[in-house]
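Enquirer: Residues per chain, in single letters:
Protein chains: 2
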Amino acid sequence: MIKNDLFLRALKGETVERPPVWMMRQAGRYLPDFMKLKEKYDFFTRCRTPELATEITVMPIHQVGTDAAILFSDILVVPQAMNIEVQMKDGIGPWLPNPVRTQTAVDQVIVPNIEETLGYVLDAVKMTKEALNDEVPLIGFAGSPWTILCYAVQGQGSKNFDKAKEFCFTNPVAAHTLLQKITDTTIAYLKAKVAAGVDAVQVFDSWGGMLSPVDYQEFSWKYIQQIIDALKDETPVIAFGKGCWFALQEMAKSGASALGVDWTCSARNARYLTGGNITLQGNFDPSRLLSPPAEIKKMVTQMINEFGKDRYIANLGHGILPNIPVDNAKAFVEAVKEYRG
Amino acid sequence: MIKNDLFLRALKGETVERPPVWMMRQAGRYLPDFMKLKEKYDFFTRCRTPELATEITVMPIHQVGTDAAILFSDILVVPQAMNIEVQMKDGIGPWLPNPVRTQTAVDQVIVPNIEETLGYVLDAVKMTKEALNDEVPLIGFAGSPWTILCYAVQGQGSKNFDKAKEFCFTNPVAAHTLLQKITDTTIAYLKAKVAAGVDAVQVFDSWGGMLSPVDYQEFSWKYIQQIIDALKDETPVIAFGKGCWFALQEMAKSGASALGVDWTCSARNARYLTGGNITLQGNFDPSRLLSPPAEIKKMVTQMINEFGKDRYIANLGHGILPNIPVDNAKAFVEAVKEYRG
Chain Z
1 MIKNDLFLRA
11 LKGETVERPP
21 VWMMRQAGRY
31 LPDFMKLKEK
41 YDFFTRCRTP
51 ELATEITVMP
61 IHQVGTDAAI
71 LFSDILVVPQ
81 AMNIEVQMKD
91 GIGPWLPNPV
101 RTQTAVDQVI
111 VPNIEETLGY
121 VLDAVKMTKE
131 ALNDEVPLIG
141 FAGSPWTILC
151 YAVQGQGSKN
161 FDKAKEFCFT
171 NPVAAHTLLQ
181 KITDTTIAYL
191 KAKVAAGVDA
201 VQVFDSWGGM
211 LSPVDYQEFS
221 WKYIQQIIDA
231 LKDETPVIAF
241 GKGCWFALQE
251 MAKSGASALG
261 VDWTCSARNA
271 RYLTGGNITL
281 QGNFDPSRLL
291 SPPAEIKKMV
301 TQMINEFGKD
311 RYIANLGHGI
321 LPNIPVDNAK
331 AFVEAVKEYR
341 G
Chain W
1 MIKNDLFLRA
11 LKGETVERPP
21 VWMMRQAGRY
31 LPDFMKLKEK
41 YDFFTRCRTP
51 ELATEITVMP
61 IHQVGTDAAI
71 LFSDILVVPQ
81 AMNIEVQMKD
91 GIGPWLPNPV
101 RTQTAVDQVI
111 VPNIEETLGY
121 VLDAVKMTKE
131 ALNDEVPLIG
141 FAGSPWTILC
151 YAVQGQGSKN
161 FDKAKEFCFT
171 NPVAAHTLLQ
181 KITDTTIAYL
191 KAKVAAGVDA
201 VQVFDSWGGM
211 LSPVDYQEFS
221 WKYIQQIIDA
231 LKDETPVIAF
241 GKGCWFALQE
251 MAKSGASALG
261 VDWTCSARNA
271 RYLTGGNITL
281 QGNFDPSRLL
291 SPPAEIKKMV
301 TQMINEFGKD
311 RYIANLGHGI
321 LPNIPVDNAK
331 AFVEAVKEYR
341 G
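One line per chain: the protein sequences are Z and W, in this order. FYI, in this note's numbering the residues of the first sequence are 1 to 341. FYI, in this note's numbering the residues of the second sequence are 1 to 341.
The set of hints was computed from the structure by calculation and includes no laboratory data. Be careful, since some hints might not be right.
Because identical chains share one entry, a pair is satisfied inside a single copy or across any pair of copies.
To be verified - Computed cross-link-like contacts, DSS-like style, restricted to lysine-lysine with a CA-CA straight-line distance of at most 25 Å:
(1) K3 x K232
(2) K337 x K36
(3) K126 x K191
(4) K126 x K253
(5) K163 x K89
(6) K12 x K191
(7) K163 x K222
(8) K191 x K222
(9) K159 x K232
(10) K159 x K89
(11) K297 x K163
(12) K330 x K163
(13) K298 x K222
(14) K253 x K337
(15) K40 x K297
(16) K297 x K191
Just chain Z, with the same shape it has in the complex (with noise of 0.2 Å):
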């Protein structure tokens, strides 16, 4: 149904005549519509105006030529639904002016009805499908529990998360409460975003790799596989562990259709870790798009020699930067759609 299905073929491990390409963060700040679009609303409202979510999910397919759109939206629209305050302040990012520290700040979260609060998303859902006419697939996303909670806790972006890791650390009990009230409503969205027709989904866990292998499979992990065991048999599930690598192996038996992998994680140690047969997507590095077009596709070709043609969808290692040029994220795309193994 769904006229360029390579996304969907390397998700399921078919074999392909090139791999698919698509970036994270791919309907952003890079792309000068959408700063047109962002100087005449402010995020919140682009993320709750379906028609804007529409317009800018859909403008990296016709400006780049991405195989897979993401929908526009944010991570924290979760927390938000679940009666944390997020606000999105220019040159600060996400701030949550009553950080959840405290048992009591726990019991005040809330598990929403899906529909009531985030009704929006699942409309631009809806409105994205009829808009893409079946040309590419729709991915739905959702930030880790883990990831959720670091903003929750820390209540802004962090270079280390410490507030975020010592109230796991000091309050484990509060802390898991936290967790799991998250997990259940990601599980809920995740679920209502299939049914109104995203083709797969993705976690990203942005901040599983500020956690040692230990905490990261008490605090992080073991949340994530609650959402994929309960999605995998809807939907192909895609799990994104930033600085995640020694989690790989778990992971990779987890029942994800496909794992990411950032750019310190090189191909051979990535199949290495995660025993060669499940779908891997990255790893390059976002700043390396910085590089003039030519050295881009050098590069680019060499890492899908380096992954292999199958079970692998081209991707860089975490979200595209803003000050990186059209042409430049254009090369990137280019190069995979050119790739002759």
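Using the hints, position chain W against chain Z.
Expert: Frame of chain Z, contents of chain W only:
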């Protein structure tokens, strides 16, 4: 000659009754007596006054009981000596008002005479050696050339040092010129420290983990290797790269006496990647020092069991955090001292 030579014996790979223990940034902000000095003297006054540097360096030996001292100083005294202005701003950290971002700016960076520019560090080494009275060894340190470049180009701390990476990827010739100047300065600086009396040196590559394995070799490791080559016949060298698990195999062949490991790399992975024969140092998560002392002690015992008692130096996986209770730091050190394998 040094009464407690556990640290030096571990660096030589000798069999020891228990592992030695020290903590990165042990002479610092978690100690109330340090905070009193901090109120009276600004950051670089503390670095530049040998009496103060000595007092601060010796403090954790008496108050926490570590098996080695590390000279109180900062990695940014090196760029300062190289004609790059460095300020330390409260609440911001390092602040370089004139970041080095062009070939012209690189040309203005000098390889200084160490005695003239950093003589105060050498005086502090001599004074500290006297104050230590051969109780424990003294470690000297420097930042890796890549890590120094990160600050020199970015101009301040950063989550991803995007401007530093942009500089390397768009102007590699200028970047390599700067890296070589930093390397030449660092070699002369560490040799002068050895001549002044330090018993070992550590190179801190705090931001090596921002790079892909290929870029790490090009922009970081090859310069650290130069430093090791130049120093290893004069003193034991410890190389610590935060997030640099992917380079451990290469690092193990470098001639370094020991390698630092952060908490995301398990003892098992670190031993496997380094071939099992080199001394390893680390890797307790600094945030885990917020756990109750009894729990800390249990985790320390397990850490030593996993690394093994020999060819091992107990330490944190990065610097101690300012909000750690002194009793928790003591519990960490005591647990190592009480270890019976």
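Enquirer: Taking the hints in turn, state whether each one holds.
Expert: Each hint, compared with the structure:
1. Proximity of K3 to K232 under the C-alpha cut-off of 25 Å is restricted to the intra-copy arrangement: shortest distance 23 Å within a copy versus 61 Å between copies.
2. Taking CA atoms no more than 25 Å apart as the test, K337 paired with K36 passes in neither setting, with 29 Å inside one copy and 62 Å between copies.
3. For the homomeric pair K126 and K191, the shortest alpha-carbon distance inside one copy (14 Å) is at most 25 Å, but the shortest distance between copies (66 Å) is not.
4. Taking the shortest alpha-carbon separations for K126 and K253, neither the intra-copy value of 32 Å nor the inter-copy value of 56 Å comes in at or below 25 Å.
5. Taking the shortest alpha-carbon separations for K163 and K89, both the intra-copy value of 20 Å and the inter-copy value of 22 Å come in at or below 25 Å.
6. Taking CA atoms no more than 25 Å apart as the test, K12 paired with K191 passes inside one copy only; the shortest distance there is 20 Å, against 57 Å between copies.
7. Within a single copy, K163 and K222 get their C-alpha atoms as close as 21 Å, which meets the 25 Å cut-off; across copies the closest is 36 Å, which misses it.
8. In the homo-oligomer, the alpha carbons of K191 and K222 lie at most 25 Å apart inside one protomer (19 Å), although the nearest pairing across protomers, at 49 Å, exceeds that limit.
9. In this homomeric assembly, K159 and K232 never come within 25 Å of each other (Cα to Cα): the closest approach is 33 Å inside a single copy and 33 Å across copies.
10. Proximity of K159 and K89 under a CA criterion of 25 Å is satisfied in both settings, with 17 Å inside one chain copy and 17 Å between copies.
11. When the C-alpha separation of K297 and K163 is checked against a cutoff of 25 Å, the pair qualifies only between copies, where the shortest distance is 22 Å, while the shortest distance within a copy is 41 Å.
12. For a Cα distance limit of 25 Å, the shortest separation of K330 from K163 across copies, 22 Å, qualifies, whereas the shortest one inside one copy, 39 Å, does not.
13. In this assembly of identical chains, K298 and K222 lie within 25 Å of each other by CA distance solely across copies; the values are 23 Å between and 39 Å within a copy.
14. In this assembly of identical chains, the alpha carbons of K253 and K337 never lie at most 25 Å apart, being 30 Å within a copy and 40 Å across copies at closest.
15. In this assembly of identical chains, the alpha carbons of K40 and K297 never lie at most 25 Å apart, being 35 Å within a copy and 56 Å across copies at closest.
16. Taking the shortest Cα distances, K297 and K191 never come within 25 Å of each other, neither inside one copy (37 Å) nor across copies (43 Å).
In the structure shown, a violation is registered for the earlier hints numbered 2, 4, 9, 14, 15, 16, in ascending order.
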